[in-house]
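Colleague: Protein chains in written order, with our numbering: chain A, 1 to 303; chain B, 1001 to 1418.
Don't read these hints as lab results, they were simulated from the structure. Ideal Cβ placement from N, Cα and C applies to all residues, glycine included. Be a bit skeptical, because a hint or two may be false.
[Unchecked claim] Chain B side only, calculated, beta carbon under 8 angstroms to chain A, not exhaustive:
1) S1063
2) N1073
3) A1243
4) S1412
If you want the building blocks of each chain, they are given just below.
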Amino acid sequence: MAVRPRFHVAVFLAPAVLVYTAVMIFPLFNTLRLSLYARGGTGPVFAGLENFRTLFGDPHWSAAFWNALGNNVWFFVIHMAVQNPIGIGLAAILSHPRLRFATFYRSAIFIPTILSFVIVGFAWKLILSPIWGIAPSMLDAVGLKSLYAPWLGKEDYALTTLALISVWQFVGIPMMLIYAALLAIPEGVLEAGEIDGITGWAAFWRIKLPLVLPSIGIISILTFVGNFNAFDLIYAAQGALAGPDFSTDILGTFLYRTFFGFQLQLGDPHMGAAIATAMFAIILAGVCLYLFLIQTRLRRYQF
Amino acid sequence: MKRTRLAGLLLASTILAAGTATAQDVTLTIESWRNDDLTIWQDQIIPAFEAAHPGIKVQFTPSAPTEYNAALNSKLDAGSAGDLITCRPFDASLSLYQGGKLADLSGLAAMANFSDVAKSAWQTDDGAATFCVPMASVIHGFIYNKDAFDALGLAPPATMEEFYAALDKIKEDGTYVPMAMGTIDQWEAATMGYQNIGPNYWKGEEGRLALIKGEQKLTDEPWVAPFRELAKWKDYLGDGYEAQTYPDSQNLFTLGRAAIYPAGSWEISGFNAQAGFTMGAFPPPVAAAGDTCYISDHTDIAIGMNAATKHPEEAKAFLEWVGSSEFAALYANALPGFFSLNSAPVEMADPLAQEFVSWRGKCSSTIRSTYQILSRGTPNLENETWNAAANVIKGTETPEDAAKRLQDGLASWYEPQK
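Let's have the full structure, built from the sequences with the hints guiding it.
Modeller: Below, the structure is given as structure tokens:
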């Protein structure tokens, strides 16, 4: 019996495929293509891997690139070390059956996530401002004025401060995901544990945490992709030069400055595309590493 | 029946609307980074033009200064930019002209009203084509709180020695922050710091042109000395100046909390509106009394025509008007601190603006050292100077190291400096 060609499959897939191709796949490959060209006298000329040679070989370009990558790694480390544990902790507390006002806390903690980066950047800049900010006066009120420093203006603290602001903004996302995963654990499993004498914290560490590990994995990868694509907060708070002295420059701001130019520096779409390609490769490598090395080893449980 | 009548009415109304649309005025849109001037354009400049040119409407649509260049380039590439383009000086506009985005305006009659120096920022390197009508220049100097100076018995300093003596006295008194400046935005340090006091050391045009020709290096004494002065400024800035933004500095001064503000003349109109005390201004102090003074009188703003505009005739009519002495008087008085580049002398009413412009008579003028040719390559000298000046003020880099870094960066791509 001949299989009837199923045209309707193609018809139903077409809108999604077309839209996705137009807005995602085409720009992605066009960016990769753009990075292989350079500006010539009359128009773009094919330059092969010349842009990448400049990016990694030229001392000025490579110093800027490695600085941005290093800062980006630190930005990610702070998120992994602070945002995700706090998110998991908050979710564990929220899922406690006897906690009152759980819904209120949940909403309150999640609200910063829906704020715009511009508002977050501006509000925190004001809070931390040495002149008008409430941070110095609040510290003064408890006698700790000596602890205050103009954090956003100091090379040593600026990036960590911004990373913590970003943690403040986004801690709601791991919290929500873990919270949902915790709620999905069947009562029966916990009761069975209780009968075997595993209660309280032991139940969290030995039953709940292993069961939400896949969710934690997903959160880690979302954090990784989000952080290495980050740009908005730094740009809103520190501007495109990512001061002081490029100490908050991450790949996103480096790309922006190169691609669009800044002040007297003219934009260079081709070098910009080369940086975008490098970012793409870094993120792709990170995601692959995770998918093949970690995700496949995570044990899943069927209830 | 009723329905057909309704449809007929609707049809008629569309025809009517279409009819009025064709008879409607041409609307020109201006791209600009001067969002501070929005009300002045809307209330004074545009009405004056529209009154003289019936049939042309003008819209002023500015964006934020730091985003302007990027936004404009994207809009021009996408074909959605306005008819008239406010021009940054030198390479930013030159590359737009070379890319065919700005029209050649050499043929405008109004171009005769401008000197070659005024036009130099918007010409091809050989001076053959001019692509923007010069509007204004800005002058650097220091604005001070006159009430504070009177209370402390201080006179505007003429030499560097007097300058630091005044700062010391203000600091000792403790009522005022001696100088309002922050380093987080970086450009304040470079533009209001380095480019402000620098010309006295590199002797204005002499040093600037020698640098372009490769006869001087950024590591030479005239170019390092301004950095040495900046390194001393740290002690006179407010608490937490490292995180103080440009608007913070402006507010600190206009609220009367700081005594001296390293300024550009573009601040004048804003400060007049905000400050509740008398202000004065002094040019960058010289090393020893009697030395020739040099000021940065920077050709800053011009206006050109989008080569792809649908209304070239109307846009040219507007540009001719911008080049007229009528516009020069209107603009210079509406925006004291933006000094007309028009050859015809302009009477200005604002005393602070008069003070600034009076320095043209006794000092030699130059433009910012990094703007012409020297910021064409990567690393970009202007942007590097921002960074270096901020570092030097904070003390995280010595003046000599900063100068060496700038020189190495410049020499890496600029042939005459190799």
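Colleague: Hint by hint, note whether the structure agrees.
Modeller: Verification of the hints:
A hinted interface residue such as S1063(B) counts as satisfied when its beta carbon comes closer than 8 angstroms to some beta carbon of chain A; here the least separation is about 13 angstroms, so the hint is violated. Evaluation of the N1073(B) hint against chain A yields a held restraint, the C-beta minimum of about 6 angstroms falling below 8 angstroms. The beta carbon of A1243(B) is positioned within 8 angstroms of a beta carbon in chain A (closest approach about 3 angstroms), and the interface hint is therefore held. Interface hint at S1412(B): satisfied, since its Cβ lies 7 angstroms from the closest Cβ of chain A, which is below the 8 angstroms cut-off.
The structure is inconsistent with hint 1 alone, although it conforms to all the rest.
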